Amino acid sequence: MSVSVRVSHRQGDFLLDAAFEAPPGITVLFGRSGSGKTTLVNAVAGLLRPQAGRIAVGDQVLFDSAAGVFLPTHRRRLGYVFQEGRLFPHLSVRQNLLYGRWFAPKGARREDLGRVAEMLGIGPLLERRPGDLSGGEKQRVAIGRALLASPGLILADEPLAALDEARKAEILPYFERLRAEVPILYVSHSAAEVARLATTVVVLEKGRVVRQGPAAEVLADPAVTPVGARAAGAILEAVVVRHHADGLSELQAGGHPLFLPQVGQAPGSRLRVRIAAHDVILSRGRPDGLSALNILPGVVHEVRGGEGPGAIVSVDTGAGRLLARVTRRSAEALGLGPGVACHAVIKSVAVAPEDVGGR
Amino acid sequence: MDWLGPAEWQAIILSLKVAFWATLVSLPFGIAVAHLLARRAFPGKALVNGLVHLPLILPPVVTGYLLLITFGVRGPVGGLLQPLGIVFAFRWTGAALAAAVMGFPLMVRAIRLSFEAVDPKLEEAASTLGASRVWVFLTVTLPLILPGVLAGAVLAFAKALGEFGATITFVSNIPGQTQTLASAIYTFLQVPGGEGPALRLVAVSVVLAMGALLASELLARRVQKRVGGA
Numbered sequence: 014m015s016v017s018v019r020v021s022h023r024q025g026d027f028l029l030d031a032a033f034e035a036p037p038g039i040t041v042l043f044g045r046s047g048s049g050k051t052t053l054v055n056a057v058a059g060l061l062r063p064q065a066g067r068i069a070v071g072d073q074v075l076f077d078s079a080a081g082v083f084l085p086t087h088r089r090r091l092g093y094v095f096q097e098g099r100l101f102p103h104l105s106v107r108q109n110l111l112y113g114r115w116f117a118p119k120g121a122r123r124e125d126l127g128r129v130a131e132m133l134g135i136g137p138l139l140e141r142r143p144g145d146l147s148g149g150e151k152q153r154v155a156i157g158r159a160l161l162a163s164p165g166l167i168l169a170d171e172p173l174a175a176l177d178e179a180r181k182a183e184i185l186p187y188f189e190r191l192r193a194e195v196p197i198l199y200v201s202h203s204a205a206e207v208a209r210l211a212t213t214v215v216v217l218e219k220g221r222v223v224r225q226g227p228a229a230e231v232l233a234d235p236a237v238t239p240v241g242a243r244a245a246g247a248i249l250e251a252v253v254v255r256h257h258a259d260g261l262s263e264l265q266a267g268g269h270p271l272f273l274p275q276v277g278q279a280p281g282s283r284l285r286v287r288i289a290a291h292d293v294i295l296s297r298g299r300p301d302g303l304s305a306l307n308i309l310p311g312v313v314h315e316v317r318g319g320e321g322p323g324a325i326v327s328v329d330t331g332a333g334r335l336l337a338r339v340t341r342r343s344a345e346a347l348g349l350g351p352g353v354a355c356h357a358v359i360k361s362v363a364v365a366p367e368d369v370g371g372r
Numbered sequence: 005m006d007w008l009g010p011a012e013w014q015a016i017i018l019s020l021k022v023a024f025w026a027t028l029v030s031l032p033f034g035i036a037v038a039h040l041l042a043r044r045a046f047p048g049k050a051l052v053n054g055l056v057h058l059p060l061i062l063p064p065v066v067t068g069y070l071l072l073i074t075f076g077v078r079g080p081v082g083g084l085l086q087p088l089g090i091v092f093a094f095r096w097t098g099a100a101l102a103a104a105v106m107g108f109p110l111m112v113r114a115i116r117l118s119f120e121a122v123d124p125k126l127e128e129a130a131s132t133l134g135a136s137r138v139w140v141f142l143t144v145t146l147p148l149i150l151p152g153v154l155a156g157a158v159l160a161f162a163k164a165l166g167e168f169g170a171t172i173t174f175v176s177n178i179p180g181q182t183q184t185l186a187s188a189i190y191t192f193l194q195v196p197g198g199e200g201p202a203l204r205l206v207a208v209s210v211v212l213a214m215g216a217l218l219a220s221e222l223l224a225r226r227v228q229k230r231v232g233g234a
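If you're matching them up, the sequences are chains A and B in order. Numbering-wise, our numbering puts 347 at position 334 of the first sequence, and it's gapless, one number per residue. Numbering-wise, our numbering puts 13 at position 9 of the second sequence, and it's gapless, one number per residue.
In short, the hints are calculated from the structure, not lab data. Since the model is a prediction, treat every value here as computed from it, not as a measurement. Where hints are given, some of them may not hold.
[What the hints assert, rightly or not] A short, non-exhaustive set of chain B residues, derived as facing chain A with CB atoms under 8 Å:
1) 125
2) 126
3) 128
4) 129
5) 131
6) 132
7) 134
8) 135
9) 136
10) 139
11) 144
12) 147
13) 148
[Claimed, not checked] Anything over 12 Å on all C-beta distances counts as not near chain B; from chain A, calculated:
14) 205
15) 322
16) 360
C-beta: ideal position from N, C-alpha, C; glycine also.
Pulled out of the complex, with its shape left as it was, chain B reads as follows:
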């Protein structure tokens, strides 16, 4: 694949890295929040639901700016984390954070639906057989929601691969550090003669997105077969 230059490779690998970590790290939180929204009644539930969905509705630039003033080096959270060696601003980790936040509502929606499809009576049955709450979750609930978890993870991954607005606002567009696929395409389009590399990256984006969707479809079908049937 020598038709891709080193700068383009850099952007592709960085995008995959950012999307991978964004998905992996947000997954446990996504499952926890989906569980909370699907199964628990608590005061302020509507507020939590709204907060989770906010990145879906807000202009990405706004989300990026909010991240910047919160997680920036002088932000309330960023300032606290900096002495611990955790820095988001203008690093690839910041790009991952932005991607995770933007993909979170999609992930939670998919997982929440699969939680709602699990019959609580099966969980009751497991508890009568001696399984504590944690074991019930691990041996009954989790396997049954697996298709939804996979679907949510793939959606979040795809969203992360394509994230642009919040990322560029929060962590800028630094080659090798925060220049993801989308930012790289944008940069190439800003310079004369950049259409060639831009087009190649567009092709790569399409292939990656399709590949992810197909893989998830296959996985989901296999899991559904294993889980399916009452």
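Chain A with its partners taken away, still in its complex shape:
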């Protein structure tokens, strides 16, 4: 089931004029704050009525300004995970989780409370009140609540933004598990979250869609730096080969070995690994006597200078397309340009656990 959105809405000085298609999986709306992401999601939820456009989930039309269709929020069969949880303080965790079920149509597929509680690790919390939960626990309950409403689409508006790094790492795997269950529209301004979760990326800038497509493709484009070049990074798809006794895991990406700090997944698991552009060093010749373990030969695809002294170079390697953030001075000194052969060097310890996720 895919989601198709076309919205045009003016609010004061801000004009949102965006259209995108969300195939199954997680579609991340990616952009700075103020780029119109939340407005778009609220339009899909029906919390905001756009001045013009059309929104459909599968063949169900939620909104069509031309036909005068506007389905009220409660009839859209959604699950919305808000940034601040928004759990009902007067209900227990169990009652919060089951809230949506009271209103689900009789024939709807029924999620099992026990299964969802186990998947989210909230079984022991069921009789507690939201007031007694930690931030991470609240957010997991909020995810469960959305899922148990048996929605046709889950909306998530920066569900991790209010959490610290440890809590984020705790919740990300749950979204990865949801990816296979129900289409998700996920708002984020975090490149790491996008790399980890997105099947499809829709990049928003000042109320407009500037780029959309499969995650690996969009993120490997050096032009896509909506939240700054600092956050640029590409995704490699890899398979776990074995875990070594010295704490390293050996992966394979496109036939090339890749050594990373121990990952949690068992040998044979398929992973996506985000390699941040500032953790990649480029070298014309094969570097010798270097401490870095991962050296991938490749060919420069594109060099893109930005404002300031930096440039982003995309390199096609056997393992996939990588982004490297180098100074413009180095790019010139090395004579980097499309078609030039070089080596991409990735320092193993630079890849943090939150950059590694299941597929």
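With chain A's structure known, arrange chain B on it following the hints.
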């Protein structure tokens, strides 16, 4: 409690009956008006707000007189209701109406404050989970404003128990029919040797008022515990 005579008992029971019905019947209206004032913007909002608060500021005698000329048998509303068998003038129902009108501003103020304290984002969340507006109100808003509703109801009840000016103007002071606690105390004080019964009724008034306040405090605390915490 044989230190209270039948006339005194009559006044106490009538007062409780009047206050109970005045509170119960005005409660839905109080919630509706509080919701309107807290959540809606509409032309004439200031006027509605003023009308609701008028009984708080007007001399009670004026309110009573206005009720008399409106709801009296020959009044525009009273005349319409009479063929339906609804009569206020000089009946206990009239005392209840007067008490309800006088307690209404207190009730609305308390409930309005609790409406304003409810985060509309929680109501949005409920609607995304499939709850229609009515269900959102019943399952989220109402439980969350319950402490304010209780507080408003108790205030209105206490006000109704003690109402005097508007009641005596509107429905007079008929023993067994419209003679409430306050009117009875007033009557006893008008006759020689009435201080004894008057004092006893004063004691009863104090006990009733304190009892109501304590009960509401306890209830509110229990509800707050249930509702509290985000």
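Each hint tested on the structure:
1. 125: Status holds, d = 6 Å.
2. 126: This interface hint holds because 6 Å falls under the 8 Å limit.
3. 128: holds (6 Å)
4. 129: holds (4 Å)
5. 131: Because about 4 Å separates residue 131/B from the closest Cβ in chain A, which is inside the 8 Å limit, the hint holds.
6. 132: Residue 132/B check passes; min Cβ-Cβ to chain A is 4 Å, inside 8 Å.
7. 134: Nearest chain A Cβ about 3 Å off; hint holds.
8. 135: Constraint on residue 135/B satisfied, holds at 5 Å.
9. 136: holds (5 Å)
10. 139: holds (7 Å)
11. 144: This interface hint holds because 6 Å falls under the 8 Å limit.
12. 147: holds (5 Å)
13. 148: holds (6 Å)
14. 205: holds (27 Å)
15. 322: holds (44 Å)
16. 360: holds (43 Å)
The structure meets every hint from the earlier list without exception.
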